[in-house]
Amino acid sequence: IAGITQAPTSQILAAGRRMTLRCTQDMRHNAMYWYRQDLGLGLRLIHYSNTAGTTGKGEVPDGYSVSRANTDDFPLTLASAVPSQTSVYFCASSERENTEAFFGQGTRLTVV
Amino acid sequence: AQSVSQHNHHVILSEAASLELGCNYSYGGTVNLFWYVQYPGQHLQLLLKYFSGDPLVKGIKGFEAEFIKSKFSFNLRKPSVQWSDTAEYFCALNTGFQKLVFGTGTRLLVSP
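The listed protein sequences correspond, in order, to chains A and B. When you number the first sequence by this note's numbering, it's gap-free, plus one each residue, and the end is 500. When you number the second sequence by this note's numbering, it's gap-free, plus one each residue, and the end is 125.
So here's chain B without its partners, still in its complex pose:
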């Protein structure tokens, strides 16, 4: 069965620090990968997605993620975080078999 692991449950950074959130998945076939963000009190919004092609994908608000097939990873990065990036971040996987599977999320707190 497909699954997604996010090992960092809570991350605290100062503004301007660099961010990398880990995401590993378990599935042997073709995958579609996503990062979603949930700002406090709001619904999930898509940050970026990978379907095929260039493994380095760029999303909104300066975020990017790199798909490394050999490591089953899709880590999220941002060179310099802002206070407004405080949110919960979810990695998700879709293999085409009806369902989008989410990781347990990483709560990011950026201190000003």
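Same shape as in the complex, but just chain A:
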């Protein structure tokens, strides 16, 4: 069982470019999340989805969009990347919105 798979593992991106970070889970979890991790700030929620077809904004949603067309996939899109979006991005899922979350290996994104 793979759990949560994120791609790519790392990426260097020119400012202004569009980028989609991929996240796939095989646990049939209802809820999925995107976090960014920055030194000294911990993990901050970007967007979440409680079930396929629904999404919601987290703590730091600006500059990011998500979609949840099916249970397994939850891509995160940066429409026009800026250097402040340099971070490590973690996708996570949970069976329901109030149970523990399982995390992917992360995507290290550098915007130059």
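Take the hints with a grain of salt, since some may be wrong.
Calculated lysine to aspartate or glutamate pairs in the EDC-like style (CA-CA distance at most 16 Å, straight line) [stated by the list, open to error]:
1. K62/B <-> E79/B
2. K82/B <-> E101/B
3. K82/B <-> D67/B
4. K71/B <-> E33/B
5. K62/B <-> E483/A
6. K62/B <-> E488/A
Hints were generated in silico from the structure; no laboratory data involved.
Given chain A's structure and the hints, the job is docking chain B onto it.
Relative to the frame of chain A, chain B by itself:
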């Protein structure tokens, strides 16, 4: 709004020393509480969780945490740390309203 505070940003211990990491939360209702660990270069893994019942919960690798409702706390403890416990530790809170909120993390360095 719910929030989580971890007051110890960096902790340095010698092997066999006892560990206690503080975690306080802000929310007046029912909470689910978690401790996650992130070993260097890896993703977050669940150490333990509290949903209800016995306020003293035991997790993996000899860790335990005590939920004290009157103090809004969920401190993590381990009687005797090992070098392999060197990692970053995150306390997290879920109130059932869609999102898991994390503290800023505590970096633990255990010297051999």
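Hint by hint, work out which the structure violates, then give me just those numbers in ascending order. Those not satisfied come down to hint 2.
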